[in-house]
Amino acid sequence: MREEMSRREAAELLRGHRKPRSPSGWGLLEALWLLAFYEPVVTEGHLRRKNLEFIFIRFSAWEFAGCDKLWAGLVTTLCHHVRRHFGALPLSVFHVLGSRPRFASGFGQREWILKKGTCLRLWGLLLVLGAGLGILLAALLVPGIKEHRVLKVLGSAVASLSGSSLVLGALSILKNLVVSEKKKIERLTNSDRFAGQLGFMSKIRAEVEVLVDFLAFMEVFERRRLRVVLEITGLDICYPEKVAGVFNAMATLLSDANAPFIFLLAVDPSVIVPCLEQTGCMRGLADNGYLYLNRAVSLPFSIPEMGARSRLRSVEAAIQTREDLLYRIITRNVAKTSGAPAAPSWKQADSEAVGWIHEAFRCLHDGSDVLARYLPENGASVRRIVNTIPITLRLLLHRSGGAAGIPDPRAAAAWVVLADRWPCRLSWTLQCLEDAGQSIPELDLGGKSLWSIFQENIGELSALRKPLGNVLSLDGDPELFQAFLARDFPFSAGQAREFLGVTVNLDHSIRHKMGLLRGLDRL
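Here the sequence shown is numbered in the numbering used here, starting from 543 and rising by one per residue.
Hints are supplied without guarantee of correctness; some may be wrong.
[Stated by the list, open to error] DSSO-like, lysine-lysine: derived pairs with alpha carbons at most 27 Å apart:
| hint | residue 1 | residue 2 |
| --- | --- | --- |
| 1 | Lys561 | Lys592 |
| 2 | Lys745 | Lys724 |
| 3 | Lys717 | Lys658 |
| 4 | Lys745 | Lys717 |
| 5 | Lys745 | Lys726 |
| 6 | Lys1008 | Lys1055 |
| 7 | Lys725 | Lys745 |
| 8 | Lys724 | Lys658 |
| 9 | Lys717 | Lys657 |
| 10 | Lys657 | Lys561 |
Calculated from the structure, these hints are not laboratory results.
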């Protein structure tokens, strides 16, 4: 993501666009001036900007596992890091004087509009303050007027009223400078009336909305798009009710369609799913944690099993942490003598993948292609498929070293659809294929169709339908599954093994669970 950020920044400068700026040094004074007296406008030129900046935030759920509300820790971490990234002063001034950017009515390129109302009020206060001070000084210093107590009272009253408005504004900025958003939320959660505060969530939502508006303002000021990336780890070692709280916080932050947040959720589904099923958040979803995850995650990425080369690299990295030089020498010699082919250039594979991705998407859009008939009706599932196809094709090209040795894009797109529509039946078929290869290594199943393997083991799957009930409910129409594998896309076992290494939208913990159930059933 950092490489993509740098590449886009360089490309934007080559197009002749203005250089981005940051709220530091002279830029801080400029940002404060614009915050006070100008209103930002989202123009067509701003929407066309391709350069962006990622603000990375790491949130370890285990660090907040002891607090009453884990999701409150997520929101406070977000507020704290955004405040630290941009500085406390710009955010404090925005709380008092800032305004959310509005969209331009036409194709104008003017990004800042003067706040006429604010300027008139400020000038009015200054004029009244000056008049009040003038009357007061005249009543105190000019001979012949000193005896008029009415002028003294009038001048002091006018000066006090106008000056107090300015002082209140400065005190509000100072208050927000001292009391951060994190402290406000912590104060709310530490309250004795925390459990009964009806307006608690609305206050949290208000703080998040101010943060979103501030990020939208800074996008226009910095002349680039901003995305806050929250990496959530350690969730699978927390209590079930706290896990559900984090998902609720994510839903709250993402409820705004224009929210600039990206969540990277690193969890073990086999642990998270039972946690979700034990809480009350599953009501209305048939107590199915897998279905909840499917609706909450827009781009699933289940890490495939490591290949031989990856295992060697991980072992080498682990051994190199030791101080013993002998282990490093041995590891390097093993890598040199293994004869593993050199990995192709990622940039080269990525450029080749663009044409393949367009071809795969064309098959999905083509109404005459049979593949389009198998697309799900659920919009979230369609987005998952569209998000996964580019990653799958790029991984295929990267592993094979070029477009010559990989399946055609239509087959790759069909495999992604198969994994999304029937995750349980596909996982069962792949597990049966794996078990058959392990029990009889000399048996060549490469040319055997997946549908025939599924048919041979469908009785055993029927016997295990009770422990696999939640996973089976994820599958689509069984008749369509038969038509898909038996007629329209007859994938072979060899093709399945080739695709399995790059299948990221299939939860591999399901297959592991099936393997354990098969082993127990055969004892």
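Item to check | Violated constraints from the hint list, given by number and in increasing order | outcome: Hint check: 8 fails alone, others pass.
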